[in-house]
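A.B. asks: The residues making up each chain are set out below.
Number of protein chains: 2
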Amino acid sequence: MSNLGPGRPRLEQRSRRAETPRAEILDAAGELFTTKGYANTSTRAVADAVGIRQASLYHHFSSKDDILDALLAETIAGPVEFAQRLADETVAAAVRLYALALFDLGQLRTARWNLGALYLLPELRTERFEAFRRRRDELREHYERLAGESLSAASLSDEARVLPFRMVETMIGIRSDAGTAPADLDQVIADGIARVVGEAGDLTALRAEATALLARLT
Amino acid sequence: MSNLGPGRPRLEQRSRRAETPRAEILDAAGELFTTKGYANTSTRAVADAVGIRQASLYHHFSSKDDILDALLAETIAGPVEFAQRLADETVAAAVRLYALALFDLGQLRTARWNLGALYLLPELRTERFEAFRRRRDELREHYERLAGESLSAASLSDEARVLPFRMVETMIGIRSDAGTAPADLDQVIADGIARVVGEAGDLTALRAEATALLARLT
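Chains as they are written, first to last, in full-length UniProt numbering: chain A, 1 to 218; chain B, 1 to 218.
Chain A with its partners taken away, still in its complex shape (with noise of 0.2 Å):
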C-alpha cells in the first residue's frame, strides 16, 4: 500500500490473498477481465485495482497483452500435465477420459475467475497467441485420442471424439450464466462423456474408477 499515490484509489478494498506482486496483478487482471472486460480494462485500472504503480505493473509485465497470456496459459497448464500423466496409465481410455474430465471440470468449476470466458475474444486470433492457441490444441488432442480410444473399444465411429473436450468447456457458459456452478456437475458432465464415448450402462464402476485414478495422480 506504500506505493498508492494520492488521487489513486485503490478499486478494490478487500485482500487479493496472493503471494507475490506477480499473482496479485494476475488475480485483479482476471476479475477486471472477466467482469468488465478485456478491452474495457486499462494496465492502468489493473495497477489501481491492486494498489500499485503503473509503473511497477511494467516491472512485471511488458504489456496487457502479456497479462492475458499468462492467465489463459495458467487455464490450460494443469489440464495438459495432468493428460500427459495419464498417457502412462494402461487403464481403459473411458476411464482416463473420465479422470480428465474430473480435474479439468474442478479447476474451471473453482478457479477464482472463470477465465475460460475469455477463450472467444477476437484478440486471441492474432499472431500473439498462437502459443496459447497451440497449448490449448494440444489440450484437444488429448481429448480427441482418448475418446477416440473409447469409441473405438466400444465398436463406434469415432466422429464423436470431438465433443468430450467440448462438453468440458460447457462449464464456462454455465459459470458465466449462472454466476457460479453446483460442485456435482462435475459428474454430471462427465457422465455425459461417458455416454457419448459409449458407456450405455451403469456408470458407478467407471465413476469409482476415474475417481481413484485421478486421487492417485494428483
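Just so you know, these hints were derived from the structure itself, not from any lab.
Do not rely on the hints blindly, as some may be mistaken.
Where chains are identical, the list cannot tell them apart; a pair therefore holds if satisfied intra-copy or between any two copies.
What the hints assert, rightly or not - Heads up, simulated SDA-like pairs for lysine to any residue below, C-alpha to C-alpha not over 20 Å straight-line:
no.	residue 1	residue 2
1	36	133
2	64	40
3	36	127
4	64	122
5	36	132
6	64	23
7	36	112
8	64	85
9	64	133
10	36	130
11	36	66
12	64	154
13	64	126
With chain A held as given, fit chain B onto it using these hints.
C.D. replies: Leaving out everything else, chain B in the frame of chain A:
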C-alpha cells in the same frame, strides 16, 4: 454511397447483400463485433463500414447496445419459435429434442457471423440485456423440458437434462476456433445429445424421424 463524406472511407468494399439499411447496419456490426470485439467497435466504425453517416445510423438504432441487442435477439428468435411449434407435436421427446438441436445447430453453423461468441460478454450481464437473457432462458427451458422427458422415457434420472442446450452451443466455440464448421457436425452433436439422454442403440431411426419432423415444421 452518396452519403459518404470526405475523409470517411468505406472500410468494407464488398456489398453487404442486405435489403434494408437496418439489415446492412446489423450485418456490418455483426462482422465488427465478432472480428474486432464489441468494446473495440464504435458506432462510427459501424457507420463507416456500411458507408453511411453516423447520424443515419442513429435513425435506426439509438445506441451500440441497441444494435447488439437486435443481433442477439436474432440468434434466439428462430429456435424459440421452432421449440414452440414442437410443443404441439406428439412424437417422442427424444425425436423433438433431436429436431430442435438440428434446427438450432444449422442456424449457429451457417449464420453469416458467429454471434454466439458474444454470449459471454460481461456487458450482457447488465440490466440492459435482461430481456435477452430471459429469452435465452426460455430457449434453455425448452431444451431442458424435452431432455427431461427423454431421460424419463429411458428410465434415467434427469440430472443430464442441462446438457443438450450446452452441447448445441459448443458449435459456437468450434466455429470460433476453426473459423468454420463442417455441415456433418450438426448430426455428430445431435447424436451426442441423443446418447446423453439415454439413446444407447442404433440412431438411424431417430435421425430419420427427427429430420422428417424438421422438414415438416420448417
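A.B. asks: Using 20 Å as the alpha carbon limit, work out where residue 64 and residue 122 are close: within a copy, between copies, both or neither.
C.D. replies: So residue 64 and residue 122 pass the 20 Å test inside a copy (15 Å) and across (18 Å) alike.
A.B. asks: At most 20 Å between CA atoms: does that hold for residue 64 and residue 126 within a copy, between copies, both, or neither?
C.D. replies: within (14 Å within a copy, 25 Å between copies)
A.B. asks: Is it within, between, both or neither when you check residue 64 against residue 40 at 20 Å Cα-Cα?
C.D. replies: Cα proximity of residue 64 and residue 40: in one copy and across copies (11 Å, 15 Å).
A.B. asks: Please sort residue 36 with residue 130 into within, between, both or neither, judging by C-alpha distance up to 20 Å.
C.D. replies: Classified as between; 17 Å across copies, 24 Å inside a copy.
A.B. asks: Treating 20 Å as the Cα threshold, decide for residue 36 and residue 112: within, between, both or neither.
C.D. replies: within (15 Å within a copy, 27 Å between copies)
A.B. asks: Using 20 Å as the alpha carbon limit, work out where residue 64 and residue 23 are close: within a copy, between copies, both or neither.
C.D. replies: This pair counts as within: shortest intra-copy Cα distance 15 Å, inter-copy 35 Å.
A.B. asks: Which holds for residue 36 with residue 66 at a C-alpha limit of 20 Å: within a copy, between copies, both or neither?
C.D. replies: Intra 18 Å, inter 19 Å, cutoff 20 Å: intra and inter.
A.B. asks: How would you classify residue 36 and residue 127 at a CA-CA limit of 20 Å: within, between, both, or neither?
C.D. replies: between (24 Å within a copy, 14 Å between copies)
A.B. asks: Given identical chains, is residue 64 near residue 154, meaning Cα to Cα at most 20 Å, within a copy, between copies, both, or neither?
C.D. replies: neither (47 Å within a copy, 51 Å between copies)
A.B. asks: Treating 20 Å as the Cα threshold, decide for residue 64 and residue 133: within, between, both or neither.
C.D. replies: Within. Shortest intra-copy distance 18 Å satisfies the 20 Å Cα cut-off; inter-copy 30 Å does not.
A.B. asks: Between residue 64 and residue 85, at a C-alpha cutoff of 20 Å, which is it: within one copy, between copies, both, or neither?
C.D. replies: neither (33 Å within a copy, 48 Å between copies)
A.B. asks: Given a CA cutoff of 20 Å, do residue 36 and residue 132 count as a within-copy pair, a between-copy pair, both, or neither?
C.D. replies: between (22 Å within a copy, 19 Å between copies)
Of the hints listed earlier, those the structure fails to meet are numbers 8 and 12, in rising order.
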